[in-house]
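Undergrad: For reference, the chains in residue letters:
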Amino acid sequence: MEKYRIDQSKGLEFGLYTLGDHIPNPLTGERISAEQRIHEIIDLAKLAEQAGIDFFSVGESHQEYFATQAHSVVLAAIAQATNKIKIASSSTIISTSDPVRVYEDFATIDLISKGRTEIIAGRASRIGLFDLLGYNVRDYEELFEEKFELLLKINEQEVVNWSGQFRAPLNNARVIPRPQNGSMPIWRAVGGPPASAIKAGLAGVPMFLATLGGPATSFKLSIDAYRESAKRSGFDPSELPISTAGFFYAAETTQQAQREVYPHVNQGMQLINGRGYPKQHFAQSADTRDVMNVGSPQQIIEKILYQHELFGHQRYIAQMDFGGVPFEKLAKNIELIGTEILPAIKKYTAKK
Amino acid sequence: MKIVGISGSIVGSKTRTAMNYTLKSVNEKYPAAEVTLIDLAEYDVQFSDGRSYLEYEGDTGFVTKTIMEADAIIIGTPIFQASIPATLKNIFDLLPVNAFRDKVVSMLVTAGTPKHYLIVEQQLKPILAYMKAQIVQTYVFIEEKDFHRKEIVNDDVFFRIERLVEDSILLTETYTKIRKEKEAKYDF
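Protein chains in written order, with numbering that gives the first Met the number 0: chain X, 0 to 351; chain Y, 0 to 187.
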């Protein structure tokens, strides 16, 4: 776990992530400017750090209703504005980028942040960027696998010899600057069915698992498949960290939390996926067995501890800003996390 | 209430003829309803390539978005080679998982032979159920002999179409009302 900078004696790591969505507030119909949204994301990272939150990450989506296409640039600003919080991408679509450039960027952010940076590489759940950046979506899987392999190789070796289908070969190429400690944690972002989790396990790469909604036990299948395939591939699963990522919103009571966040989640889904979030499913998500962490601080603590018992994961990251949630609500959430949720979670998950 | 009729084939005229009668009946009985007919023969719809339905452009984008905005959908389809036509299956493939959640879907079928009667039960309904449609269970099955030169000549078919329209609207109204009452109780 040290290789991935995870110290289990401190308990489950708690982080925040944003997709960088830029969506009108459904309650007012108004949308803040991209400038304001980006500054609020940077401010959010600062607040998170002050509240003792372990991790903050920003994603890239290249389409309408998003503002952090250049997510590494936003992360560089966050690196400069913070001192101790870990920062990462959530996720970097390695399929449509050059792994050398991505590594140069993130190694630089790691130097700016003095060793706090990680990369989470994903395959994209929204595929608008394939057209925009000149890639064929039919190569969806192969683009990711090949470029992710190269990214991992660059992380392991400063001088790289490599050839593949989608990029010019590298002959004794030095990829610099190097991160502060020579390499940095690189995770594979996994969503949906276990197939992708199995690939992460076979490669012995840490896994970020998207767990947006539904029974926690469903996601346990992907986690088991991941550990099983890692073992089959000769890796020790106890050395490979797992993180989950999903919707989060806290308020004084569970009812209030649901009431405040539902319009945002519903509108966000409607605008980005073309279908809202069904109220019936959202109502069920209040159940402790459902993976969505929306509720009172007490309810969320119970949920996260239940998930931790089930998954044995090392990090959970919360998406609470989806769908135009106004900044003052986000600040209030961070306060509840810092004062009520974090202390309880750390207390009960610290490994002795 | 938004009602979309789909004429699911680019071959022949019988399904379109039957859909014309059907939507005329909707217009007469429910003048407040907003009715759109999508005759696939009139659109240049591309094959599904896996992207989100929001990202299709041109005719394909128009067809997918119109269907996704509907409250009720009346599907008219012929039967080819003991199955639904590829053009209709392509529409389903273009749409997302759970695309018909909270939508009512009813069906009208034209076929050259009564041997095709159960194709709807065995092949069309499972797709609609998988996509979460509220299905009007009874469908109208029209045979070749019920048509003559682009007109329906069997009075019984008129009555059956009338009942299909009534059932489609009734289920849409009832289901929408019940769902809204249920959702109001959630308090969020």
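Hint data in this document are derived by calculation from the structure and do not stem from the laboratory.
None of the values given here were measured: they were computed from a predicted structure.
Just so it is clear, CB atoms sit at the ideal spot from N, CA and C, and this is done for glycine as well.
Be aware that a few hints might be false.
What the hints assert, rightly or not - Derived contacts from chain Y toward chain X, CB cut-off under 8 Å, selection only:
hint: 1; residue: K1
hint: 2; residue: Y29
hint: 3; residue: P30
hint: 4; residue: G49
hint: 5; residue: R50
hint: 6; residue: S51
hint: 7; residue: Y55
hint: 8; residue: M67
hint: 9; residue: N97
hint: 10; residue: V156
hint: 11; residue: D186
hint: 12; residue: F187
Undergrad: Please go over all the hints and tell whether each is borne out by the structure.
TA: Evaluated hints:
For K1(Y), the interface hint is violated, the least distance from its beta-carbon to any beta-carbon of chain X being 16 Å, above 8 Å. For Y29(Y), the shortest C-beta to C-beta distance to chain X is roughly 26 Å, which exceeds 8 Å, and the interface hint is violated. Because the beta carbon of P30(Y) sits about 29 Å from the nearest beta carbon in chain X, more than 8 Å, this interface hint is broken. For G49(Y), the shortest C-beta to C-beta distance to chain X is roughly 7 Å, which falls under 8 Å, so the interface hint holds.
Annotation: R50(Y) was flagged as interfacial toward chain X, and the flag holds, the nearest CB pair being 6 Å apart, inside 8 Å. For S51(Y), the interface hint holds, since its Cβ comes within 8 Å of a Cβ in chain X; the closest pair sits about 6 Å apart. Interface hint at Y55(Y): violated, since its Cβ lies 11 Å from the closest Cβ of chain X, which is beyond the 8 Å cut-off. Residue-level restraint check for M67(Y) holds (minimum Cβ-Cβ distance to chain X is 6 Å; threshold 8 Å).
At a threshold of 8 Å, the smallest CB-CB gap from N97(Y) to chain X is about 7 Å, leaving the interface hint in force. Interface restraint check: V156(Y) against chain X, minimum CB-CB distance 36 Å, threshold 8 Å, status violated. Checking D186(Y) against chain X by beta carbon gives a least distance of about 6 Å; that is within 8 Å, so the hint holds. Of the supplied interface hints, the one on F187(Y) holds, with its beta-carbon coming within about 4 Å of a beta-carbon of chain X, less than 8 Å.
Of the hints listed earlier, those the structure fails to meet are numbers 1, 2, 3, 7 and 10, in rising order.
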